[in-house]
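Visitor: Given next are the chains, with one letter for each unit.
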Amino acid sequence: MSDSLKIKSDPSDEIAQTPLLEVRGLSVVFDTPDGPQEVVDQVDLKVCAGRTLGLVGESGSGKSVTCLGVMRLLDTGGRVTSGEVMFEGRDLLKNTEEEMEALRGCKIGMVFQDPMVSLNPVRTIGWQISESLRLHRNLSKAAAKHRTMELLDLVGIPEPKTRYAEYPHQFSGGMSQRAMIAMAIACQPKLLIADEPTTALDVTIQAQILELLSDLKKELDMALILITHDLGVIAEAADDVAVMYAGRVVEEASVLDLFDNPLHHYTLGLLNSLPRIDRSVDRLNAIEGTAPPPQDFVEGCRFESRCGHCSDHCYGVRPSFNQVSATRRVACMHPREMT
Amino acid sequence: MNKSSAVAPEILMEAKDLVCHFSGPKTSFFGKRKIIHAVNGVSLDLYKGETLGLVGESGCGKSTLGQLILNLIQPTSGSTVFLGQDVTKVDKLEWRRLRSEMQLVFQNPLGALNPRLLIYKQIREPLEIHNVGDPDDRHAKVMDMIEAVSLPEHLLERYPHQLSGGQQQRVVIARALINNPKLVVCDESVSALDVSVQAQVVNLLADMQKKLGLTYLFITHDLSIVRHISSRIAVMYLGRIVELADSVELLQNPAHPYTKALIAAVPVPDPRARSSRATIRGEPPNPFDPPSGCAFHARCPHADAKCRTDLPDFRQISDRHMVACHHAEKLF
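First to last, the protein sequences are chains A and B.
Numbering that gives the first Met the number 0 numbers the first residue of the first sequence as 0 and each following residue consecutively.
Numbering that gives the first Met the number 0 numbers the first residue of the second sequence as 0 and each following residue consecutively.
Isolated chain B, as found in the complex (with noise of 0.2 angstroms):
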């Protein structure tokens, strides 16, 4: 699944510079709220056909990452631009035509589901939204879909709660991938699910991409799993990416002392690579107060004054390897 073709890849969507803040809850009455600097000046080309994954902590802003990607909501500054077209500034009937292009897999399958609508309903309303096709068109769609995603068809006539975890994903992926889009951000998409069945839903979604072309913005904290689905990781920290390659060129030679971190971090199913883990020290920073200089040097091993006051450029070290470090170089 690791393609570096070298020809030059057609681009599918852009983000530039996306700042995105949010305020905070006031914590007097006469004081100022505080702002939240949920992505803070954030990059990124997703091209044609790929996997990118999108890996960080649990606060690091992967989730609002992606909403902004997915217009979902209003970036403070910056834009996206989605095969030519800002979609932060398309007017309301555009914007509804492109929202089927896009489409968003959550971590909660059952809260992201109609508890009152039957599967087929489910499955089936995309198409009701977006006028495709006569009533027989949509229905053969449906069923088509669910045979794509091994979805059993008596289980057409249940309510999501009848359905066991691994299914409902099944579910939501089909009606995301009903409408035939272009892009699908998966947040956390397989996270909630058992190994076995997560197996079989990461399977799926690698399945459905080569059949029908998909790009995946994949969100997730589990870099096993970005290994083996993706084909370039961005790793966040605090508002930023912090350093973007291929996969395989991310996990064999992290150039950012975090990647390097979140990689010693994840416990390896072999009792015999026990080792004495490299783990950081300390907590991410309170994304409130964002430390000065690289958001990181509080827990940096390799941290010195330049990291305290600086912060790093996001800058290329190596053919398609870009790290946000001083020390990259000298790590790498």
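For reference, chain A alone in the conformation it holds in the complex (with noise of 0.2 angstroms):
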């Protein structure tokens, strides 16, 4: 675990790399009874490879919609309006569905929240990690089975063999949360986007799967996508950090530079709402308010009703991104000094 866990120490080695994942202005709507409503708008990212992104915001801040838009798994009611997704010199929005069927679960891999929704449960755990195997790497049955134990045992699931033949019933939430990520790296991806990999889960579990994605991401030499509420995950597994707020990017940066030093008053407040178990507070600071849905969307700063900080500026004009440095910038109109 121990060097898997250290900091990269200096970020701008990594900038000059051409980034293996780049979204550059995607926007989400969702069709609803009341009319379209965009749930994600304009939003950026970049992941380089070997780095782990960490995207965290508050539920409806449009995270994991973004990832759904970007692995094109929006089901019906939302579509990608605009922006293109560039993943290995394509832009994934222009492949057609059959292309994208491959590159699923084969270049890029996903794990989601609830381990036991995603898997199948008429399915035994074997069948359902060779089936990803058979399908994109044509292996053989008994081929697929072998690799199968392997990647079990990569995982850390205890005793292939009859874990092998088992449902997913008989699994609890931590080994099914293993068998999830060892279906999605089964054809070595070279992304994994994870969905809240670890919120069903309790803490002694939840340290184990941050270790396992970690080790497993050095093996591998993947990049990941880890999508959390949880800033504690973020400080403890991410490289880079997005933060969103009403589908939108407010801040990106690097994680020290996040923590150490939040721009927006977003990222400030939700750094100063969490209670610690390594200090005492008296009280909590509480950002007043809360975020709004999309129906209140608006086109200028989202934050600034529950903002201390807001001006005329901030009305009626959407914040533009202020870039501090090559891997910082914050969407604000009045963005805290860099100490």
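Please note that a few of the clues may not be correct.
[Stated by the list, open to error] Restraint-style ranges between C-beta atoms, simulated for each label pair:
1. 116/B x 296/A: 26 to 34 angstroms
2. 273/B x 326/A: 17 to 25 angstroms
3. 303/B x 164/A: 32 to 40 angstroms
[Claimed, not checked] Some, not all, of what chain A presents toward chain B, calculated at C-beta under 7 angstroms:
4. 57
5. 58
6. 195
7. 207
8. 211
9. 230
10. 231
11. 232
12. 254
13. 258
14. 260
15. 272
16. 274
17. 276
18. 317
[Stated by the list, open to error] Simulated pairs of lysine-lysine, DSBU-like, Cα-Cα distance not exceeding 35 angstroms:
19. 33/B x 160/A
20. 259/B x 160/A
21. 259/B x 15/B
22. 181/B x 88/B
23. 259/B x 144/A
24. 47/B x 160/A
25. 88/B x 160/A
26. 47/B x 91/B
27. 88/B x 217/A
28. 305/B x 160/A
Bear in mind the hints are in silico, worked out from the structure with no lab data behind them.
All C-beta atoms, glycine included, are put in the ideal place defined by N, C-alpha and C.
Make one complex out of these two single chains by using the hints.
Guide: See below:
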């Protein structure tokens, strides 16, 4: 575990690298009975090979929908209205459905929050993991089974032989999440998208899964997008962070910069409202109010009603990104000072 | 919020050796039902005005214990004494009166609210049920309460689904507190809320405690919140309390290896604090088939032969610090 958790020292050497996945201006609209609602508004993201991008935000901030949009997995009612998603030089949004199918589970793996819902209850764990090997890698049944055993071992499931033939209901929550991860990494993807992979798990199991993800990332040389609402998980596992609020990215920074010196008032508010196990405070500094629902999204700054630093400039006009340094930018009219 | 007064505090509620077993599903047609030992001999005092945090992983029996304390489920054995009265033995009429003194706030507010009742009526309902005051009194009480929990007045004429999660939880809290209860059991009350809203509700609970002199049993899996809100913390593992101490003492000098592991596993929102975290291996044991001896021995780095066979006593190792571990002195 030790090395993988250490923070990569200097982010500057990563900048020159072309990103593995680059999302530019992605917007997602959902058609509702009250008309179309834009839940993701011009989101830009960049993930470099071998790095972990933490995507953090409260519920309804659009972090999951962004990733579903990237994978073209939005169900009926949701559609991508603009933007491009560049992966290995190709725009995923221009791919045919067949091309996407070949990509999903092969070059890009996904892990979702609730393993019990994601697994097929009437198929054995082994069958489900080997499915992608048979589909994408054209392995024979025997070869796929052999490889699946290796994968089960790799993700730390004891007794792979017996576990292979078991069904999801025989697995505990932590073990099912390990199986989900085995499934996602079966074809050695370049990118793994993990959507709240530890939220449904107990803390001790959460620690084990985070450790596993970080080990696997190193071993398989994957990039990882880690979607979470938990800043503790971000601090633990991410290299770069994008903070989302009400459908927009409001701040991007390396993990150290973000926690040392948050520039957006929302980021600071979020950090201040966390109860901490390592220190006592008399009273939590809550952010007043709640995040707006999509029907109340405005063009101007969406945090304005909860922000103590807003002025007339904050209304009406979308705050543009303020590029503070090569790896940092913030979308705020009155960002905090760098200290 | 961490009080450790020298005066012996008044006991509000006393759980004595509570045991609760449930029978599980049949494994075969002629087979016997397996027994699940949800709570397995828990004794606990709740002092007036304190907040006792009850932490543990899912399936450890913490919610069952909360419901036993409120007498919502009957214990297999043991008793709960609330202000000198054994609540497992009181008659129906007396129980009805006592019930308004103990309240429960659940995790999911939308599940706890009646979807077809206006917010105003939901908050007022307990007053109607317990026949408190005349209609004008009741109205005044509702209005006072919604001001106390900072719920905007225009929301009173809405239905639960029209409110945000934080507002819904405020309604649940208002309804729980309107009859001036003495004991409130909060079962994961803030776990489903976003951090910024969670902080608001935690602050609200703390304010109401000061105002009304409430006693909380705060059940959660989140140690960070527990540190913030509780004066004492009890750690539960597989139906038993394994450690009990004042909050700061427990978090700074944990004596039970499980408590240590639990604390180490909490992700700290500080990237510089990343360390090789001593994560414990394995998963909580199956409550249908609890291990012999100390329930934690299979995951414990310090376990020896004694731990595998003998159940450790829950004993005092220092002032106000109880622990159930054979090796507590060595680890303390």
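Visitor: Are any of the numbered hints broken by this structure? If so, which, sorted upward?
Guide: Going through the list in order, the structure violates hints 6, 8, 14, 18, 23, 24, 25, 27 and respects the others.
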